[in-house]
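Number of protein chains: 2
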Amino acid sequence: MQSKEISKAVIKRLPRYYRYLGELLEDKVERISSNDLSKKMHVTASQIRQDLNNFGGFGQQGYGYNVQYLYTEIGKILGLDTIHPMIILGAGNLGQALANYAEFEKRGFKLIGIFDVNPVLEGIAVRGIEIQLLPELPLFLKEHHVEIAILTLPKNRAKDMAQLLIDNGIRAIWNFAHLDLDAPEGVIVENVHLSESLMTLSYNLSQYRKEHID
Amino acid sequence: MQSKEISKAVIKRLPRYYRYLGELLEDKVERISSNDLSKKMHVTASQIRQDLNNFGGFGQQGYGYNVQYLYTEIGKILGLDTIHPMIILGAGNLGQALANYAEFEKRGFKLIGIFDVNPVLEGIAVRGIEIQLLPELPLFLKEHHVEIAILTLPKNRAKDMAQLLIDNGIRAIWNFAHLDLDAPEGVIVENVHLSESLMTLSYNLSQYRKEHID
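As they're listed, the protein sequences go chains D and H.
With this note's numbering applied, the first sequence corresponds to residues 34 to 247, in that order.
With this note's numbering applied, the second sequence corresponds to residues 34 to 247, in that order.
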């Protein structure tokens, strides 16, 4: 049991460490100093040391980090050492894009079901998984252990769907619908708002223009 | 010209204000106090006032905010009062999902081209725009004013593509490829790492379990 509260900012950085360490492994790098990792990631070395100290360190002063070890340990912290069965609700383009993304499965996120309201999609296989119609969902949830539900459906359906999922025992929702889902105690929701990222880009673009043209 | 530097955290929150104000408008709400907005958004009222003060306030003590006015003004700050012509590089599922997302166009993000390497996709129309092959890109960029390029292609192609785009005058890249694109001075990059969001979910899920089961 983790007694110390880890800040959200650190948690947000962990997947990035994990990704960079994965790239180092691909490049057959065995050890890396916090300085070198810092240059690669554009984070200060002291930030890296601080972040990793939250989890007990992993490094030996002067020797740098063992890349494989650190990668594995961060993977464990992120919960990537177990299989997380997932389902996708909404088999539109985005749902299918996520279903087709094979990298998730390598990290333990195993897609076991895809559901949609559209009868035209019924039975179409995406990466070997046949799209089912929504009325089949409650039975499916009874018969299968599902950990994570991915919501790629319109905003106006998302709230009811989330409630249905929670009522049927789902404890983690990855939400792409364009609203913030409020989670009751014990349910974890990660909201992804793609349009907010695009607006941030647009903000930075217009600020840059103002500074250089106005 | 904006003389004051606005913090990244504030900028990240602006699209969220914009979204909530848009919802209020849909619900025909004309005025809202920072307290009520605060309850809706799960942000403190003083945070809201502070954030908006960065841009000159918008509120009158005791009267709350005029929703339409605030929505319009934040839209301007986000650069949503002008048209941003965009192209998508990579017409796979994710590229097509983004192409099909009509909301972007409402905010001024106008898709004018989709490109892919796969000849099978050539000429297929997504929301009325025919997919073109990549060799046609440089000429297209000469003949059209493109502001934002969306990268939805594999990691191993993303760097070269970004360079090609930058060489051809693109100044804003919305990157979905699984690497951090480093931008040269004057080029704005917004990296979206979907798998990092999924890992954050998985982290929170395993922490919750540890706290409640271990």
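Rather than coming from a laboratory, the hints here were simulated on the basis of the structure.
Mixed in with the good hints, there may be bad ones.
The list treats identical chains as interchangeable, and a pair is accepted whether it falls inside one copy or across any two copies.
As a list, the in silico DSS-like pairs of lysine-lysine whose alpha-carbon atoms are at most 25 Å apart [what the hints assert, rightly or not]:
#1 Lys72 - Lys188
#2 Lys243 - Lys72
#3 Lys109 - Lys73
#4 Lys72 - Lys143
#5 Lys41 - Lys72
#6 Lys41 - Lys73
#7 Lys109 - Lys243
#8 Lys243 - Lys143
Predicted model only: the values in this text are computed from it and were never measured.
With 25 Å as the alpha-carbon cut-off, assign the pair Lys243 and Lys143 to within, between, both or neither. Cα proximity of Lys243 and Lys143: across copies only (21 Å, versus 46 Å in one copy).
As a check of your reading, is Lys243 near Lys72 (CA-CA no more than 25 Å) within one copy, between copies, both or neither? Close neither inside one copy (30 Å) nor across copies (34 Å); limit 25 Å.
For Lys72 and Lys188, with the copy left unspecified, which applies at a CA distance of at most 25 Å: within, between, both, or neither? between (41 Å within a copy, 20 Å between copies)
At most 25 Å between CA atoms: does that hold for Lys109 and Lys243 within a copy, between copies, both, or neither? So Lys109 and Lys243 pass the 25 Å test across copies only (12 Å; inside, 45 Å).
Within, between, both or neither: Lys109, Lys73 at alpha-carbon 25 Å: Cα proximity of Lys109 and Lys73: one copy only (23 Å, versus 35 Å across).
Could you place Lys72 and Lys143 in one of the four classes (within, between, both, neither) given a Cα distance threshold of 25 Å? neither (34 Å within a copy, 37 Å between copies)
Copy assignment of Lys41 with Lys72, given that the CA separation must stay at most 25 Å: both (23 Å within a copy, 21 Å between copies)
For Lys41 and Lys73, with the copy left unspecified, which applies at a CA distance of at most 25 Å: within, between, both, or neither? Both: 22 Å inside a copy, 21 Å across copies.
Checked against the numbered hints above, the structure breaks hints 2 and 4 and satisfies the rest.
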